[in-house]
Structures are given as structure tokens and as C-alpha cells.
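Novice: Just need the whole structure built from these sequences, with the hints factored in.
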Amino acid sequence: TQLLEQSPQFLSIQEGENLTVYCNSSSVFSSLQWYRQEPGEGPVLLVTVVTGGEVKKLKRLTFQFGDARKDSSLHITAAQTGDTGLYLCAGVSPGAGGTSYGKLTFGQGTILTVHP
Amino acid sequence: DAGVTQSPTHLIKTRGQQVTLRCSPKSGHDTVSWYQQALGQGPQFIFQYYEEEERQRGNFPDRFSGHQFPNYSSELNVNALLLGDSALYLCASSPSGGELFFGEGSRLTVL
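Protein chains in written order, with the numbering used here: chain B, 76 to 191; chain Y, 182 to 292.
In case anyone wonders, no lab produced these hints; they're calculated from the structure.
Where is the CB? At the ideal position from N, CA and C, for every residue including glycine.
You may find that some hints are simply not true.
Not everything, but these chain B residues come out facing chain Y in the computed CB check (under 10 Å) [claimed, not checked]:
id: 1; residue: LEU79
id: 2; residue: PRO83
id: 3; residue: GLN84
id: 4; residue: GLN89
id: 5; residue: GLY91
id: 6; residue: ASN93
id: 7; residue: GLN108
id: 8; residue: LEU120
id: 9; residue: GLY182
id: 10; residue: ILE186
Specialist: Here it is, written out as C-alpha cells:
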């Protein structure tokens, strides 16, 4: 069974602080994704990382994929209240039966609260 | 362009009953996946439909079944409901080989 462990589970910080969320896997996925989910909504894709050692930046968010493609991190610089939400990492498995995009295995999520 | 739409948004059932949830994919998407998200947890993969067939299945009992129609819309059926089936049920659609787009979910409460 493929598992993804996220840490920390809860994070409460002040506006302007930096933070890092970690995602560790027991196995290798074809790629890894980070999502953000707000209450009453479905997850929204932030980024997909594919290559070991890859670093992607999205404004104040920096995503890293470990060399062995089994761990990833999300770093937010100068957090804002609008960053509040549930952050989820997800490993992507290959598709089956004609599909090229398979199932996602999600971590349990990190609930981030940014206080003004 | 409408995104992924799900219905109903909320529903309450009692143990032993059956429920059907519906999903209309984003325009141009032919693949539909269903996920169960319990409170405080990440989503768990139930199954994926493509060309009206179940292509992949997660670790869920046979009480969970689905269907995909020729217009790519999909239904999730759950029989003999248990208290533990209470969750947010998410539908996600994607074009072949593409990014998943999630709907807002159907919140099921089993009493």
C-alpha cells in the first residue's frame, strides 16, 4: 500500500512569517502534486513536480521534489491571511485501461491558519 | 465554461439506506474519478471511469458502485449505508492524460 505522510498536521502562524510543509512517501510515484482546499470547495491544483531534485516557484510558494522522488516540501514566504486553508500533497499513479492519468494518493493534509 | 458540477450538495440518510450522487464533468473531459474525504482527512480514491468502464478501483467494498454515461457524466451509488460512510464525496474530471479538476463535493451525513 502506498502511503503519504504530511507534517505538520496543523500550523498556526502570524502574517509575515515563513513556513514549510513536508510530504514523505513510502514509495515512488510517477509525479507528485500539491493542492489547496478551502472549506466547502474541492481541492485546487497548485503544482505538479515530476523530476527528482526539481524546484518550482509560484510567487511566494516554493515546491521541492526530493532526489529519490519520495519526498516533497512546500515553503511559503511571508504568509498572508489569504493563504489559510488545507494543503494536500498527492502522489500520482500511472493510468490503466486506456487512461494515461491514474489515481491520486493523498496525504492527510496540513491545516494552515494565518492570523492577521 | 462550467466546471465540474455535483449534486446534491448536501444530503442526510439513515443507516441501511442507499444513495446516488451525480457528477457532470468539465466540458471536454472524458475521465471521471470519485474520492471520499472524511472530516479532517485527505481524499481517498474510490474509482475512475473512462469510456463508460471502471478502469481503476481503490480499496472500497462492493457497496460502492458507479456508472459513466455516454455524455461522460457519472453516478456514484452506495448501498447499505453505514455511519462511517459520512463524508464529502468529491468528483474529479480530466481530459485523457490531463490535470484533474475537482467539483465542490456532495456532503453525505448518515444517521
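Novice: Are the hints correct? Go through all of them and say.
Specialist: Hint by hint, here is what the structure shows:
| no. | hint | in the structure |
| --- | --- | --- |
| 1 | LEU79 | holds (8 Å) |
| 2 | PRO83 | violated (14 Å) |
| 3 | GLN84 | holds (9 Å) |
| 4 | GLN89 | violated (24 Å) |
| 5 | GLY91 | violated (27 Å) |
| 6 | ASN93 | violated (24 Å) |
| 7 | GLN108 | holds (9 Å) |
| 8 | LEU120 | holds (6 Å) |
| 9 | GLY182 | holds (5 Å) |
| 10 | ILE186 | holds (8 Å) |
Violated hints, listed in ascending order, are 2, 4, 5 and 6; each of the other numbered hints is respected by the structure.
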